[in-house]
Amino acid sequence: MKAALITNSIVKRYGSKTALNGMTASIPSSSITGLIGANGAGKTTWMMAVAGFLRIQSGSVNLLGGGPFNPALHRGRISILPQDSELPCESYPLETLIHYGRLQGLSKHEADHSARNVLTAVHLADRMNTPIRTLSHGMRKRVMIAQCFIGKPELIMLDEPLSGLDPREVANMRNFISAKSPGQTIVISSHNLYDLELLCDYIVFVKKGRTTRTATIEELTGKTAMLVYNLTHTPLSTADLSELLPECTLTLSDTHSQLSCSFDKTRVSAEQINATLIPALLKSTGIISIERGRSLEERVLNEL
Amino acid sequence: MTSLFQLWRITCYEWFTAMRSRRAVVVVLLFMAASVCTMNFCINALQKMEQELTKVLELPETEQVGVVSKTLWQSKPFRRMMRHIVYNKDVYNDLVGRHPVELMYAWLVFFYTPLLVVLVSANRIADELGSGACRYVAFRCSRSLWSAGKYFGQAAIIAVALMLSGIGAWVMASIRMHEAGWPLLIAITGWSMRSLIYALPFLGLSLGLSHLTRSGSKATIFAIMTLALCFLIEALAVVFRNANDWKALFSYAGVFTPAAHKFFLWRSTPLSLAVGTLWMITLSLCYLIPGHLIFKKRDM
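Protein sequences appear in the order of chains A and B.
Residue numbering for the first sequence follows our numbering, starting at 101 and increasing by one per position.
Residue numbering for the second sequence follows our numbering, starting at 53 and increasing by one per position.
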């Protein structure tokens, strides 16, 4: 698996406080990777260190195979949505994005075209020439997200991209982000686990300035290899059910309200399991609902 | 070439955005108003002086301001007297070869320029560091280019302010005095350009300090305090210019202030102007670079 970004044992201290305590992470190329961690875990600090905003005390960063951030080498190849950073309030969205595009090395025409495209994609076509200071918080956030996508950079880091947006715009942004160009790598730091679950291929867990685990979203949620049956509270024996499905692992919750069925999707399909399990369950209990895998939130609460 | 292009982009963007900021617009307009009002005040003073002179010398009265001064300025006895006072032929030629109004404008523009620079520019970098706006540029170009672009963008705003003040002063002079034609406008523009060169060290000082804080207000206060310190050192350098004890240090310290070299800019010879410009650019870099180097090493 080729990595777009590798950080190795990076340490960042603010006085006596250690924000990154040897954080090691590898972000797979062409993926969307989510960073999950509690407040103050070091997610934002890690992104800022990778982008060259912060000076790290030790460790190494390899950005797109070219070592640590170097403006001459990485100009136009990476972009970041920094947290709590305002755009120049006296400027206009289109003008600002064209300026950024030109700085990245785009021609006048390319910068104009790219800026208009991304602003239209974030539903700001009618606000392109409105002073930024007059835009609402959500609109400014959309301009900030748009600036990340000018000129199709190879690596995009988004720090809390969906916070402060209304539900309609959150859905639009999810579509916008997930429709990334092939070859683009996106890293998202967010506390909104539902959005991460829908967007990400990989999840990196960060705790106290360190990476505690990196896993695919599939490993975490088991969407394609687990069925969860929510049942009425009736005493149930899994032994009989296991005989019906020997290739599956059945786990019953303590309250007998939830039955998990993990399976190897190469050997048996979800349809086959349902066809066997549902009639058997209906004989002895009631089925309230059936879900594919666990939610990311459920897994994260166990993980953190 | 890429770096030069980026520098040009940042300079233009800085100029455009700063010119839209209320603070810059207000300070530029106030500077222009101050220039016009001071010119008016000087012309009033000149008029009073001329009226008294006319009365004492029992000359025929005239409504036009500046006629008596100009006649006196160009009279042979006055010039002979000036030559004896000044001794230096070059300085003498520099002084008597100029219109009195031109000298008035030169004085006022050199007097106000440091304050103009501090009020317009001191907060620019600090504000962007505080709001985080600089981060959107930081991954697109180097920090040095960003700072240099800010410097040139601000220099362009100061140039606009000085040009507008020159035009304002010339308009006032045209209304109040006769013979304030195009040659005077050209001469005044020349002084605006000289004061722009004189503004460079103060710009370096303001932006150098602006790199050190994330608060625009703090940066402005630092700049005003440092400006006051500069003037204090200048004054002490003059007072203790002949001292032989430790107080002589003030005269050495005075070399590092712009005022010690501004008289190069008052002269007309190209060599003198070149030396003055070189001094101002050197001082500007001396003030700007330490702040920038600290900024380069720190977190953004």
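The hints are simulated quantities; they were obtained by calculation from the structure and are not laboratory data.
We put the CB at the ideal spot given by N, CA and C, even for glycine.
There may be inaccurate statements among the hints.
What follows is a list of derived Cβ distance ranges for each label pair [claimed, not checked]: (1) B/M215 / A/K307: 33 to 43 Å; (2) A/D184 / B/M277: 25 to 35 Å; (3) A/K117 / B/N92: 51 to 61 Å; (4) A/R268 / B/L56: 42 to 52 Å; (5) A/L401 / B/L337: 26 to 36 Å.
Comparing the hints with the structure gives:
1. B/M215 / A/K307: 33 to 43 Å: Check failed, 59 Å falls outside 33 to 43 Å.
2. A/D184 / B/M277: 25 to 35 Å: 30 Å, holds
3. A/K117 / B/N92: 51 to 61 Å: 59 Å, holds
4. A/R268 / B/L56: 42 to 52 Å: Given a distance of about 44 Å, which is inside 42 to 52 Å, the answer is holds.
5. A/L401 / B/L337: 26 to 36 Å: 57 Å, violated
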